Amino acid sequence: MLVKKRMTHDPVVVSPRHSLADALRLTRERRIRHLPVVDEGVLVGMVSDRDVRTALPSPITEPDAERVAFLERTPVSAIMRADVDSIGPLDTVEDAAKLMRRRRISALPVVDAHGAVLGILSESDVLDAFVEILGPANASSRLEIGMADRAGELARAMRVIGEERGVNICSLMVPPGTAGERRVAIVHVSTIDPRETIAALEAAGFEVGWPSLESDLRQEGAA
Amino acid sequence: MSRVASALVWDPAVTGYKFRPDHPFNPRRLELAVSLIEALGLVDDDRARVVAPRPATEAELLAVHSREYLEAVKRFSGGADLSGAHRWGLGTDDTPIFAGMHEITSLVSGATIRAAELVMRGEVTRAFSICGGLHHAHRDRASGFCVYSDLAAAIAWIRREHGGKVMYIDYDAHHGDGVQGIFYDDPDVLTLSLHESGRYLFPGTGFVDELGEGDGYGYSLNVPLEAFTEDDSWLDIHRKLIPEVMEAYRPDVVVLQSGCDGHALDPLTHLRASTRLYEETTRIVCEAADRVCGGRVVATGGGGYAVWEVVPRAWTLVWGALSGQEVPNHIPHAWLDRWQGEAPVMLPRFVRDAEEDHKPVPRRAEIEATNRRTLDSLRRQALPLIRGWGLGF
Numbered sequence: 001m002l003v004k005k006r007m008t009h010d011p012v013v014v015s016p017r018h019s020l021a022d023a024l025r026l027t028r029e030r031r032i033r034h035l036p037v038v039d040e041g042v043l044v045g046m047v048s049d050r051d052v053r054t055a056l057p058s059p060i061t062e063p064d065a066e067r068v069a070f071l072e073r074t075p076v077s078a079i080m081r082a083d084v085d086s087i088g089p090l091d092t093v094e095d096a097a098k099l100m101r102r103r104r105i106s107a108l109p110v111v112d113a114h115g116a117v118l119g120i121l122s123e124s125d126v127l128d129a130f131v132e133i134l135g136p137a138n139a140s141s142r143l144e145i146g147m148a149d150r151a152g153e154l155a156r157a158m159r160v161i162g163e164e165r166g167v168n169i170c171s172l173m174v175p176p177g178t179a180g181e182r183r184v185a186i187v188h189v190s191t192i193d194p195r196e197t198i199a200a201l202e203a204a205g206f207e208v209g210w211p212s213l214e215s216d217l218r219q220e221g222a223a
Numbered sequence: 224m225s226r227v228a229s230a231l232v233w234d235p236a237v238t239g240y241k242f243r244p245d246h247p248f249n250p251r252r253l254e255l256a257v258s259l260i261e262a263l264g265l266v267d268d269d270r271a272r273v274v275a276p277r278p279a280t281e282a283e284l285l286a287v288h289s290r291e292y293l294e295a296v297k298r299f300s301g302g303a304d305l306s307g308a309h310r311w312g313l314g315t316d317d318t319p320i321f322a323g324m325h326e327i328t329s330l331v332s333g334a335t336i337r338a339a340e341l342v343m344r345g346e347v348t349r350a351f352s353i354c355g356g357l358h359h360a361h362r363d364r365a366s367g368f369c370v371y372s373d374l375a376a377a378i379a380w381i382r383r384e385h386g387g388k389v390m391y392i393d394y395d396a397h398h399g400d401g402v403q404g405i406f407y408d409d410p411d412v413l414t415l416s417l418h419e420s421g422r423y424l425f426p427g428t429g430f431v432d433e434l435g436e437g438d439g440y441g442y443s444l445n446v447p448l449e450a451f452t453e454d455d456s457w458l459d460i461h462r463k464l465i466p467e468v469m470e471a472y473r474p475d476v477v478v479l480q481s482g483c484d485g486h487a488l489d490p491l492t493h494l495r496a497s498t499r500l501y502e503e504t505t506r507i508v509c510e511a512a513d514r515v516c517g518g519r520v521v522a523t524g525g526g527g528y529a530v531w532e533v534v535p536r537a538w539t540l541v542w543g544a545l546s547g548q549e550v551p552n553h554i555p556h557a558w559l560d561r562w563q564g565e566a567p568v569m570l571p572r573f574v575r576d577a578e579e580d581h582k583p584v585p586r587r588a589e590i591e592a593t594n595r596r597t598l599d600s601l602r603r604q605a606l607p608l609i610r611g612w613g614l615g616f
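So the protein sequences, as listed, match chains A and B.
Here the first sequence stands for residues 1 to 223, where the numbers follow our numbering.
Here the second sequence stands for residues 224 to 616, where the numbers follow our numbering.
Hints are not guaranteed to be accurate.
[Unchecked claim] Just the calculated beta-carbon pair ranges, DEER-fashion: (1) A:195 / B:570: 29 to 39 Å; (2) A:90 / B:510: 23 to 33 Å; (3) A:172 / B:272: 26 to 36 Å; (4) B:280 / A:173: 28 to 38 Å; (5) A:21 / B:471: 34 to 44 Å; (6) A:31 / B:294: 38 to 48 Å; (7) A:31 / B:438: 12 to 22 Å; (8) B:603 / A:61: 34 to 44 Å; (9) B:290 / A:31: 31 to 41 Å; (10) B:603 / A:21: 32 to 42 Å; (11) B:290 / A:205: 42 to 52 Å; (12) A:173 / B:582: 25 to 35 Å; (13) B:582 / A:90: 53 to 63 Å; (14) B:362 / A:173: 23 to 33 Å.
Worth flagging that the hints you see were computed from the coordinates, not collected in a lab.
In this text, all values refer to a predicted model and were calculated from it rather than measured experimentally.
All C-beta atoms in this analysis are idealised placements derived from N, C-alpha and C, irrespective of residue type, glycine included.
Assemble the whole structure, with the sequences as input and the hints as a guide.
Now the structure itself:
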């Protein structure tokens, strides 16, 4: 999955000469947390609503009028984080997620080869992408199919569903397991009544969980 | 319990809504249910009468389905070549095509519209379109045994003929995705679906964060229940949520989809309700409707795949609660004699499940705690929106 498919396009940006008051107003009005800072069409930094609040003098020591004046007179360039990480539109969401974890940042600007800002990818965008991958694409029932970790087993199970039963598979996920051990494929099949599909898979030697293979999630599971 | 003017919308012709001899959506269940209601003396010519359906008109169907979809169903129904049927969700294992499909589905939709007519014109306070409840049908796609949305067509009919607000309640074990989708941006139709979580079960939707969109934001409500939820936890949610939402929204009429596939014996779901859930929930809905909207409830059937053991009993209890009649517990011998020969299982002797027949679920405490969290999360998000404390209005 590519960053350009998941990012927010044409995000709200500020210039380094904008005041902090402008920046704070933008984050409030547009309900966003991160603003790329752009000068002459090129990304020069990032600023978040939290950066602004951190820079603001304390309400204990300064009167409100002074705090407002501070916001009005201080330019974004004074507090922005310059030299920030960025990512390209054709990079993968997985790479972006790893970068965000490693650098502990919650939004990445997406830039083209010349440094122009094309979009912004936030933690929420990454989470949405993973939720979508994990969830069903269409109306479907979810099965867990236990199988040996051997060439041909996954294909055999899919043939039972798709060819023998003629049921459409609308998503398939096989989380990694330890080599040589049993793998569990999570399959969404587009039917309200998976009973015959389950029977056919079991007849072919697969273990099938509906709702789950996890003993904790089955009725007979331990209390 | 006092009797309420009620109508059971029924004609044996609706059993023509039949896909294949071995298909799980088996219309025999309707005959079983209606004959049990009759055998128990729960219909008469006065306060609890049987009324025949009429077919829905094309205009009534086009209020909720696209012209292209309707034309496609008519073509396939008339025997046209099946190529391209999948695009419309038809010709699948779940929703195969059969001759006359358009006409019979129009009759099923008309049955629910007829029920709405009877209630909205004040001829009865409650009506039960037992063949209706096709809640998976979408604007331009069939899904999960459902071709046309009788529910959405009846709601649209109410809106057009009478205006006002409609609260749709759906306790079928599957999410009522079709009805939710058709009214997703409409604040005048509030949909509330309580169902087994889409994490495992078809159609895979119906989570708390599906709250509607645009003007309809806050008017789609979903309670995804944990697999193996039993009566007490489920009823607790019905008791808390249904009156609260109804009193906040103040609808003019309630449309109730009473699918009974959340019963422990149902082969298509993992919920563990007993017949008590169906009787008590219908009462909860009717009592709240009595306080808020003159008692007006338009009920339908829905899912229910334990055809012999559960559906006739569950829907007899639903009818009893709707019409305000106490349902005797003994199933008449005449009814058992009539059907036992054909039944592949031993038919139950009592209308209500006995408590000792229920095998307790070992994870009960955990399931109940998760369901409570789900309910709290929904109430926190949705109630302020319905009450208008939300985004500044």
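Against the structure, the hints:
Here the CB-CB span from residue 195 (chain A) to residue 570 (chain B) is close to 22 Å, at odds with the stated 29 to 39 Å. Between residue 90 (chain A) and residue 510 (chain B) the Cβ separation comes to about 60 Å, which falls outside the hinted range of 23 to 33 Å. As the Cβ distance of residue 172 (chain A) to residue 272 (chain B) is approximately 53 Å, the hint placing it in 26 to 36 Å is violated. Separation of residue 280 (chain B) from residue 173 (chain A) is about 46 Å and departs from the stated range, judged on CB atoms against 28 to 38 Å.
For residue 21 (chain A) paired with residue 471 (chain B), a C-beta distance near 40 Å keeps the hint of 34 to 44 Å intact. Checked against the given bound of 38 to 48 Å, the beta carbons of residue 31 (chain A) and residue 294 (chain B), roughly 43 Å apart, stay inside it. Distance hint for residue 31 (chain A) and residue 438 (chain B): a CB-CB separation of about 19 Å, consistent with the stated range 12 to 22 Å. Checked against the hint of 34 to 44 Å, the pair residue 603 (chain B) and residue 61 (chain A) passes, with Cβ atoms roughly 37 Å apart.
With their beta carbons about 39 Å apart, residue 290 (chain B) and residue 31 (chain A) fall inside the hinted range of 31 to 41 Å. Checked against the given bound of 32 to 42 Å, the beta carbons of residue 603 (chain B) and residue 21 (chain A), roughly 33 Å apart, stay inside it. A hinted range of 42 to 52 Å holds for the C-beta pair residue 290 (chain B) and residue 205 (chain A), which are about 49 Å apart. The hinted window of 25 to 35 Å between residue 173 (chain A) and residue 582 (chain B) holds, with their beta carbons roughly 33 Å apart.
For the hinted restraint 53 to 63 Å between residue 582 (chain B) and residue 90 (chain A), the CB-CB distance of approximately 56 Å keeps it satisfied. A beta carbon spacing of about 30 Å between residue 362 (chain B) and residue 173 (chain A) agrees with the range 23 to 33 Å that was offered as a hint.
Hints 1, 2, 3 and 4 from the earlier list are contradicted by this structure; the remaining hints agree with it.
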